[in-house]
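Numbering (the working numbering), first residue to last: 1 to 376.
Mixed in with the good hints, there may be bad ones.
Computed Cβ-Cβ distance ranges for the label pairs, DEER-style [to be verified]: (1) A92 x L323: 51 to 57 angstroms; (2) D67 x T21: 49 to 55 angstroms; (3) L281 x D343: 28 to 34 angstroms; (4) S309 x V100: 47 to 53 angstroms; (5) E199 x A92: 40 to 46 angstroms; (6) W20 x E98: 33 to 39 angstroms; (7) S169 x L323: 51 to 57 angstroms; (8) T162 x P297: 35 to 41 angstroms; (9) N125 x T368: 24 to 30 angstroms; (10) P4 x T162: 26 to 32 angstroms; (11) K346 x E268: 14 to 20 angstroms; (12) E14 x R119: 28 to 34 angstroms; (13) E3 x N125: 34 to 40 angstroms; (14) P297 x D236: 21 to 27 angstroms.
For the record, the hints were derived by calculation from the structure and aren't laboratory data.
Every residue, glycine too, gets a C-beta built ideally from N, C-alpha and C.
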Amino acid sequence: MSEPRHPGQILAEELVRRGWTQLDLAFVLGCQAKAVNQIVNGKQGISPAMSRALGEALGFAPEFFADLRKAYDVANANPPDPSVSLRARMQANYPIREMVKRGWLKDGNADELAKRLMRFFEVGNLSEVPYLAFAAKTPVLEQNPSAIQLAWLFRVRQIAKTMVTRPFSEKLLASCIPTMRQFLSAPEGARHVPRVLAECGVRFVVAEGLPHSKIDGVCFWLGESSPVIGISTRFDRIDNFWFVLRHEIEHVLRRHGGLSINGMIDAELVGERAGVGEQLLEEERVANAAAADFCVPEEKITSFITRKSPLLYEKDVVAFSRLHGIHPGITVGQIQYRTGRYDFLKRYQVKIRQYVLPGARVDGWGQTTDIEEMTA
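Input sequences plus hints: build the corresponding full structure.
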């Protein structure tokens, strides 16, 4: 494709074709000859009004000369900084600006950002950064995490690698589940979780999710004998916290995700995705079943709802919860899931993040783990 020509050249050629002089055109336009001369010699731009006037005088579309000028100006403008394309490529796939804001990446010129992104994803070439070679998209979660979810997972990996824990004991973790269930009676019980998991050799990280990631938790392994559990506390509810935590513990006990760098990423653990339907992967079904039974034993909650429906009174929910040693918010969560009544006694679904964060390794909510400083 040829480079756009200056509209003054095309105007000069048109005058020659017609046998007109610049003075002739100025006479037709009713303007000074100097104005026509400056356009022909490229010393003056073509305003929308002049474009319309030239079009009327010479039989062209009103926007013809204005478009010529615009195309010429764009073609002859200074080329953009090469970093614009590189930044756009990275931002199209990952929330780079948000990652800088959160302290996951240090800001800098595009080349520096690219190098830091490669270090973040533990690769030696920018083309090896997951998803960066393709258009931004959100794959089916059961097959692959989205780019945003993968960024969150790698941040949890970074933090987990800086943690020192005891050797992992699958037997000890399994034996601690009954102990942890004693913590379900009050929100404050969640403060013991980081300590209990650390004693079992599980690295536990609480990281705020990136916008639109809809991520709840993850289980992956640093080597064959070092499991990591990361949670986002996305909903910050007592029922959701314990369900997601027990879900990830089941992944650890069954060594799910051990062969994949992506591990087992769990997003939107609500509705059907928190059930045991055949549309889910087998790993997710068994983890969901274990989590639900941990929160409220299947036969107990089923019997309660069957006996009390359709009139589920608050006093009965509180009494049932007290009988089984759990906070009413956990019972409410199971009732909401099983009945579809998500407005039922919502006030009992108390916040729990405030009890978890003080004893955990945390990233987000104004707290940033300085990885470079910790690993220097």
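Evaluation of the provided hints:
{"no.": "1", "hint": "A92 x L323: 51 to 57 angstroms", "result": "54 angstroms, holds"}
{"no.": "2", "hint": "D67 x T21: 49 to 55 angstroms", "result": "25 angstroms, violated"}
{"no.": "3", "hint": "L281 x D343: 28 to 34 angstroms", "result": "31 angstroms, holds"}
{"no.": "4", "hint": "S309 x V100: 47 to 53 angstroms", "result": "51 angstroms, holds"}
{"no.": "5", "hint": "E199 x A92: 40 to 46 angstroms", "result": "43 angstroms, holds"}
{"no.": "6", "hint": "W20 x E98: 33 to 39 angstroms", "result": "60 angstroms, violated"}
{"no.": "7", "hint": "S169 x L323: 51 to 57 angstroms", "result": "32 angstroms, violated"}
{"no.": "8", "hint": "T162 x P297: 35 to 41 angstroms", "result": "38 angstroms, holds"}
{"no.": "9", "hint": "N125 x T368: 24 to 30 angstroms", "result": "27 angstroms, holds"}
{"no.": "10", "hint": "P4 x T162: 26 to 32 angstroms", "result": "56 angstroms, violated"}
{"no.": "11", "hint": "K346 x E268: 14 to 20 angstroms", "result": "19 angstroms, holds"}
{"no.": "12", "hint": "E14 x R119: 28 to 34 angstroms", "result": "59 angstroms, violated"}
{"no.": "13", "hint": "E3 x N125: 34 to 40 angstroms", "result": "35 angstroms, holds"}
{"no.": "14", "hint": "P297 x D236: 21 to 27 angstroms", "result": "25 angstroms, holds"}
Checked against the numbered hints above, the structure violates hints 2, 6, 7, 10, 12; every other hint is satisfied.
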